[in-house]
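The opening residue of the sequence shown carries number 5 in our numbering; numbering runs sequentially from there.
Honestly, the hints are just simulated from the structure, not real lab data.
Model, not experiment: these values are computed from the prediction.
Among the clues, some could well be false.
Stated by the list, open to error - Pairs of lysine-lysine residues, derived as DSSO-like cross-links and limited to a Cα-Cα distance of at most 27 Å, are as follows: (1) Lys365 with Lys379; (2) Lys76 with Lys108; (3) Lys76 with Lys54; (4) Lys241 with Lys298; (5) Lys298 with Lys379; (6) Lys241 with Lys277; (7) Lys82 with Lys54; (8) Lys82 with Lys108; (9) Lys277 with Lys298.
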Amino acid sequence: MHLLTAQAGALQQEGEAIDLGQSPAQIVFASAADSELALLAGAVDRAGLKDVRLANLLRLSHNLSVDLWVEKTLRHAKLVVVRLLGGPAYWPYGVEQLTALASKGVKVALLPGDATPDPILQQRSTIEPEQWPRLHALFIAGGPENADALLRMFSAISNPGGGGLAIIGVQPFHRFGYWRPIRGLTDELSISDRPAIPLLFYRAALEGGGTATIEAISAELERQELRPVPLMISTLKEAACVRFVQSAFATHPPAAILNLTGFALGVDGLEDKLNPFAGIDAPVIQLVQGGRPKAQWTTDAQGLTAKDLAMQIVLPELDGRIGGILVGHKEESVWHAATECPLSAYAPDATGIRRAVTLAKNWTRLRVTPASERKVAIVLANYPIRDGRLANGVGYDAPQSTIEILRAIG
Numbered sequence: 005m006h007l008l009t010a011q012a013g014a015l016q017q018e019g020e021a022i023d024l025g026q027s028p029a030q031i032v033f034a035s036a037a038d039s040e041l042a043l044l045a046g047a048v049d050r051a052g053l054k055d056v057r058l059a060n061l062l063r064l065s066h067n068l069s070v071d072l073w074v075e076k077t078l079r080h081a082k083l084v085v086v087r088l089l090g091g092p093a094y095w096p097y098g099v100e101q102l103t104a105l106a107s108k109g110v111k112v113a114l115l116p117g118d119a120t121p122d123p124i125l126q127q128r129s130t131i132e133p134e135q136w137p138r139l140h141a142l143f144i145a146g147g148p149e150n151a152d153a154l155l156r157m158f159s160a161i162s163n164p165g166g167g168g169l170a171i172i173g174v175q176p177f178h179r180f181g182y183w184r185p186i187r188g189l190t191d192e193l194s195i196s197d198r199p200a201i202p203l204l205f206y207r208a209a210l211e212g213g214g215t216a217t218i219e220a221i222s223a224e225l226e227r228q229e230l231r232p233v234p235l236m237i238s239t240l241k242e243a244a245c246v247r248f249v250q251s252a253f254a255t256h257p258p259a260a261i262l263n264l265t266g267f268a269l270g271v272d273g274l275e276d277k278l279n280p281f282a283g284i285d286a287p288v289i290q291l292v293q294g295g296r297p298k299a300q301w302t303t304d305a306q307g308l309t310a311k312d313l314a315m316q317i318v319l320p321e322l323d324g325r326i327g328g329i330l331v332g333h334k335e336e337s338v339w340h341a342a343t344e345c346p347l348s349a350y351a352p353d354a355t356g357i358r359r360a361v362t363l364a365k366n367w368t369r370l371r372v373t374p375a376s377e378r379k380v381a382i383v384l385a386n387y388p389i390r391d392g393r394l395a396n397g398v399g400y401d402a403p404q405s406t407i408e409i410l411r412a413i414g
């Protein structure tokens, strides 16, 4: 089969290889996280380096893409560092080629994309055993200071005789906290009579300068006379982050919750200690940021990619989150000349943000409306479309369930 290469700034398409076209460099780093690439690009700019290349793994899913990258860039490097969320199985051909490259003298560091150490990735890395956990710890700590330290450590590893490795340490960076536009992280937010609307988002948005959507949502909440309570977290599967969210909910009882985190919590019951939403009498409205520019989303009949649907729609629904409202899009890439890498961030979707905030406001109004004044509609399916199939549900007693719902809300 004949394979074609596409421009370096395009995302990988099925059946199409991409030539990144990067010139050789001493240090190469790759990740599928745009925020991580932006963080390292900022560190490169601060250090004034010219011998570092960054690459997005989403542009390296085709085998030919990897081969071209190895031939033009990696084989000339002294150190290649890759962050893989999902282990070797996420990028099998790339890991195989890096292993072959390591046998020719190029140092390779394969690191997990999350906080959990991966012994398989560590075993397939060729840096010194004590260097691997230090690199991993710097990535997990995050933040600009640790990004600067990562570059210093990359340089020290690629130049063993240069020294300086022993003095590189991890600097603490907040894993959770209240956040305000312009002012940034804070220990507390003021309380007012306006209904509180917590807005949960990942710390990665701060690390990669991707707060535009969060700022726009906060502004729209203010405009509609609601009180935004932005909560920055590293993950909802970390006990300390969960405790912080629970404490924030106790201090700022939510009228509704806007959630920009993906995946599912995977907890067994509503009272699970690791479920920050347990016992909260407020709807959790799931917000979505599409992984493609708005123009591509608009012209594609499917809309969201399979990845976005899985992580931001399907899995959150398992936790009972509602909405699935699109509030942002990955904007067109901006070329970062120093690292020869296109960088992307999320841009707000004004229409979607208005819809999400209006929905939150409607929920706040509904919760204070006396039950006798509420108007409730229940939509029952009749698939296939015949009157005799009204309230049909495969393995599901829809009529009795409807009665139970009416009792619960009565």
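Hints and how they fare:
1. For the suggested pair Lys365 and Lys379, the alpha carbons sit about 17 Å apart, so the restraint of at most 27 Å is met.
2. A threshold of 27 Å between alpha carbons decides the hint, and for Lys76 with Lys108 the separation of about 15 Å falls inside it, so the pair holds.
3. Proposed proximity of Lys76 and Lys54 is supported: the alpha carbons are some 17 Å apart, at most 27 Å.
4. For the suggested pair Lys241 and Lys298, the alpha carbons sit about 30 Å apart, so the restraint of at most 27 Å is broken.
5. The straight-line distance between the Cα atoms of Lys298 and Lys379 is roughly 36 Å, outside the 27 Å bound, and the hint therefore fails.
6. Simply put, Lys241 and Lys277 have alpha-carbon atoms about 11 Å apart, close enough for the 27 Å limit, and the pair holds.
7. Simply put, Lys82 and Lys54 have alpha-carbon atoms about 14 Å apart, close enough for the 27 Å limit, and the pair holds.
8. This hinted pair checks out: Lys82 and Lys108 have alpha carbons roughly 11 Å apart, not beyond 27 Å.
9. For the proposed pair Lys277 and Lys298, the alpha carbon gap of about 38 Å is over 27 Å, so the pair is violated.
Consistency with the previously given hints fails for numbers 4, 5, 9, ordered from lowest to highest.
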